[in-house]
Structures are given as structure tokens and as C-alpha cells.
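Undergrad: Next come the chains, spelled out residue by residue.
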Amino acid sequence: MDCSHFSHLVIQETMNEAYIKTVLTLFSTLTLLLLITSILLFGTKIGFSLEDISNYYRGNEELFIVKKSFEGLLETTLPHLFSITTLIFIVIHLLLFTEYKKFVPYLLYGLLLSSVADLSSGYLLVANFTLFAVIKWVSFLIFEILFFISIYLIILDIMRNKTLQISKDEF
Amino acid sequence: MKFTVSKDLRKNIVMRNLLIAFSIITLLFLALDITAKTLRFGASISEIKANILGNEEEFLEPLSMISALEILHLDLFLAIILLLMISSIFMRVDAKFKAGLLSSTMLFSIISFSSFFGALFFGELFVTISVVTFILWHLGAAWIVLISLIWLFKKQ
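Quick mapping for you: the protein sequence lines, in order, are chains A and B. Position one of the first sequence corresponds to residue 1 (our numbering), numbered consecutively onward. Position one of the second sequence corresponds to residue 172 (our numbering), numbered consecutively onward.
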């Protein structure tokens with residue numbers, strides 16, 4: 001029996017496995033860098049204290065900080081609505097192929113709710129609902145933590161050699 | 172989700188045409204990204220260094236932390252989407268050094284972004300590394316797209 005065809009398939013399968021692992025590892029690294037830049041941006045642009053958050057959105061005459069306009073907020077919200085949703089979709093759909101898929105509903109709802117709270121709290125702060133400074137801070141923190149956990153689970157799965165499910169089932 | 176479950180994308184004419192259009196637009200994006208960065212930071216290493224690190228003789232202010240982070244944040248998102256999309260097409264292509272080409276392209280992009288940020292603290296060497304790796308990852312991505320395009324145009 002000629003086994004060359006099968007050996008070719010095995011090699012192809014191994015190549016795809018290596019390929020998928022490489023893509024996922026480097027994708028996770030790039031996403032981690034994106035998360036780090038978002039934390040740094042939050043820290044340098046807004047600030048981590050509740051007072052900083054309130055000042056950034058509601059303005060402060062003593063510190064010469066202008067109150068955020070609706071147009072200005074919309075300019076930030078619009079691209080983030082698209083990009084956050086896309087990234088959540090990519091990361092959660094990758095998690096579905098791992099052995100950690102049981103965490104997917106919690107992570108998905110957590111990420112979606114925290115991102116909605118994060119993006120909308122700016123508007124409510126401008127409308128003088130000062131409590132939303134706390135919600136902005138907490139939702140941003142929850143979003144970042146959940147995203148880090150999602151990426152960590154993907155990396156953990158790659159290291160445990162469980163990503164073959166993708167190549168066998170889909171490619 | 173036909174795209175993720177089809178083994179040979181060329182069998183579906185609509186999918187094939189869609190991916191050809193996507194690949195051509197991706198090539199255009201890569202070329203325009205280089206053009207936009209050249210217009211923003213300059214065409215030579217010395218110009219880029221002056222625009223990022225500042226130059227007292229030319230009265231150029233260094234790039235602020237917020238501006239650098241905003242550029243990085245946007246570019247990282249675009250790179251993630253672009254690299255993920257082209258890698259999912261490239262996966263179907265029968266090409267040698269497939270994993271090597273893609274991983275080096277992604278690695279160059281990671282080094283480029285990290286060194287761009289590092290340049291704000293550690294100076295000129297990181298600017299050079301960032302520029303070189305920026306060009307390399309764009310060339311790598313363009314090469315991947317070109318190979319995928321040739322594969323898509325090929326008859327089975």
C-alpha cells in the first residue's frame with residue numbers, strides 16, 4: 001500500500017498546526033500590546049483617579065480643562081464601537097475552539113457589558129451624573145481584566161497543545 | 172461563515188472574487204500606510220528621528236506621549252485585523268516557508284510597534300529599528316498578499 005499520500009497529509013496537518021499556533025501566539029501578543037496601549041492612553045490622557053476622570057469629561061476651570069463636547073465624545077465612541085466589537089468577536093470565537101469554552105458566556109457578557117458601560121459613562125458624566133466616574137473606572141478595569149483573561153486562556157491552550165481542533169475540523 | 176469552513180476557496184467563484192478584491196485593497200492599504208507615515212514623519216531616517224525625538228536646531232518639538240500612544244493604538248488595531256485576515260487566506264495557499272514568512276512578518280510588526288514606543292524613552296536606535304521593521308512587515312504582508320493573489324488567480 002502506497003502511504004506517500006497519507007504521509008503528505010500528515011505533513012500538511014503538522015504544517016497547519018504549526019501555522020495556526022504561530023498565528024494565534026503572535027495575534028495574542030499584538031492584542032496584548034493593544035491592551036497595554038489602551039491602559040497607558042487612559043492613564044496619560046484621562047488619569048486613573050476618580051477626580052481625573054471627572055475633570056476630563058466635565059472640565060475644570062481651575063485646571064483650565066474644557067468640558068467635553070458631544071461631538072468630541074462621539075469621535076471617540078464611533079471607532080471604539082466598531083473596533084471593540086470586532087476584537088471581542090475575534091477573541092471569543094477563538095476561545096470557542098479551546099477547552100475553556102465553558103467560560104465563553106461569562107467572558108462575552110462581561111466584555112460586552114463593561115465596554116457598553118465604559119463607552120456610555122462619558123456621556124452621562126458630561127450630563128452631570130458624577131456617579132458615572134466610578135462606573136467609567138470600574139467598567140474600564142473589568143474590560144481590561146476580562147480581555148487579559150481571554151488572551152491568557154488562548155495562550156494557555158496553545159501551550160497545552162489543544163489547538164489541533166481548529167485545523168482538523170476547519171481546514 | 173463559509174470563509175472559515177471552505178477548504179479550497181477557489182471553488183466558490185463569489186468567494187474567490189471577493190478575496191481577490193480584498194487582497195487588492197489590502198495591497199493598496201499597505202502602500203498608502205507607508206505613504207501616510209512618510210508624509211507624517213518624513214522620508215529619511217534623520218527626518219523621522221527629528222519628527223519623533225524633536226530637533227532644537229529646526230525648532231521641532233518631540234512627539235508627545237499621548238500622540239505616540241494614539242498612533243500606536245490605531246495602528247496596532249489595524250495591523251491585528253489585517254494580519255489575521257491575510258493569514259487566514261494564506262493558510263490555504265500551497266507555499267513553501269508559509270509559517271516562516273507569516274511569523275517573521277508578524278514578529279517584525281511587533282518589534283516595529285514596541286520599538287516605536289521605546290524610541291520615546293531610549294532614543295535614536297529604537298527609531299531606526301522601528302523604521303526598518305515597519306518597512307519589513309509591510310513588505311512581508313505585501314508578499315503574503317501577492318502569493319495569495321497568484322494562488323487565487325491560478326486555475327485548479
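Mixed in with the good hints there might be a few duds.
In silico BS3-like links for lysine-lysine, alpha-carbon gap of 30 Å or less [said to hold, decoys possible]:
{"hint": "1", "chain 1": "B", "residue 1": "K269", "chain 2": "B", "residue 2": "K182"}
{"hint": "2", "chain 1": "A", "residue 1": "K68", "chain 2": "A", "residue 2": "K45"}
{"hint": "3", "chain 1": "A", "residue 1": "K21", "chain 2": "A", "residue 2": "K102"}
{"hint": "4", "chain 1": "B", "residue 1": "K269", "chain 2": "A", "residue 2": "K21"}
{"hint": "5", "chain 1": "A", "residue 1": "K45", "chain 2": "B", "residue 2": "K220"}
{"hint": "6", "chain 1": "B", "residue 1": "K220", "chain 2": "B", "residue 2": "K269"}
{"hint": "7", "chain 1": "B", "residue 1": "K208", "chain 2": "B", "residue 2": "K220"}
{"hint": "8", "chain 1": "B", "residue 1": "K208", "chain 2": "B", "residue 2": "K269"}
{"hint": "9", "chain 1": "B", "residue 1": "K267", "chain 2": "B", "residue 2": "K325"}
{"hint": "10", "chain 1": "A", "residue 1": "K45", "chain 2": "B", "residue 2": "K208"}
{"hint": "11", "chain 1": "A", "residue 1": "K21", "chain 2": "B", "residue 2": "K325"}
{"hint": "12", "chain 1": "B", "residue 1": "K220", "chain 2": "A", "residue 2": "K21"}
{"hint": "13", "chain 1": "B", "residue 1": "K267", "chain 2": "B", "residue 2": "K182"}
{"hint": "14", "chain 1": "B", "residue 1": "K208", "chain 2": "B", "residue 2": "K325"}
{"hint": "15", "chain 1": "A", "residue 1": "K21", "chain 2": "B", "residue 2": "K182"}
{"hint": "16", "chain 1": "A", "residue 1": "K67", "chain 2": "A", "residue 2": "K45"}
{"hint": "17", "chain 1": "A", "residue 1": "K101", "chain 2": "A", "residue 2": "K21"}
It is worth saying that the hints were derived from the structure and are not from the lab.
Undergrad: Run every hint past the structure and note whether it holds.
TA: How the hints compare with the structure:
Note on K269 (chain B) and K182 (chain B): the hinted pairing holds, with a Cα-Cα distance of about 22 Å set against a maximum of 30 Å. Distance restraint check for K68 (chain A) and K45 (chain A): the Cα-Cα separation of roughly 13 Å lies within the 30 Å cut-off, and the hinted pair is therefore satisfied. The suggested pairing of K21 (chain A) with K102 (chain A) holds, with an alpha-carbon distance near 21 Å, which does not exceed 30 Å. Among the hinted pairs, K269 (chain B) with K21 (chain A) is consistent with the structure: their alpha-carbon atoms are about 13 Å apart, no more than 30 Å.
Restraint check for K45 (chain A) and K220 (chain B): the C-alpha separation of about 24 Å stays at or below 30 Å, so the hint holds. Distance hint between K220 (chain B) and K269 (chain B) is unfulfilled; the C-alpha atoms sit about 34 Å from each other, more than 30 Å. A C-alpha spacing of about 13 Å is found between K208 (chain B) and K220 (chain B), which places the hinted pair at or below 30 Å, so the restraint holds. As the CA atoms of K208 (chain B) and K269 (chain B) are separated by approximately 28 Å, the hinted pair is consistent with the 30 Å bound.
At most 30 Å may separate the alpha-carbon atoms for a hinted pair to count; K267 (chain B) and K325 (chain B) meet this at roughly 17 Å. The suggested pairing of K45 (chain A) with K208 (chain B) holds, with an alpha-carbon distance near 23 Å, which does not exceed 30 Å. Taking the CA atoms of K21 (chain A) and K325 (chain B), the gap is near 28 Å; set against the 30 Å cutoff, the hint holds. Taking the CA atoms of K220 (chain B) and K21 (chain A), the gap is about 36 Å. The hint is violated against a cut of 30 Å.
Distance check on the hinted pair: K267 (chain B) and K182 (chain B) sit about 22 Å apart at the alpha-carbon level, within 30 Å; holds. At roughly 34 Å between alpha-carbon atoms, K208 (chain B) and K325 (chain B) are farther apart than 30 Å, so this suggested pair is violated. This hinted pair checks out: K21 (chain A) and K182 (chain B) have alpha carbons roughly 27 Å apart, not beyond 30 Å. Proposed proximity of K67 (chain A) and K45 (chain A) is supported: the alpha carbons are some 14 Å apart, at most 30 Å.
Between the alpha carbons of K101 (chain A) and K21 (chain A) the distance comes to roughly 18 Å, so the proposed pair stays at or under 30 Å and holds.
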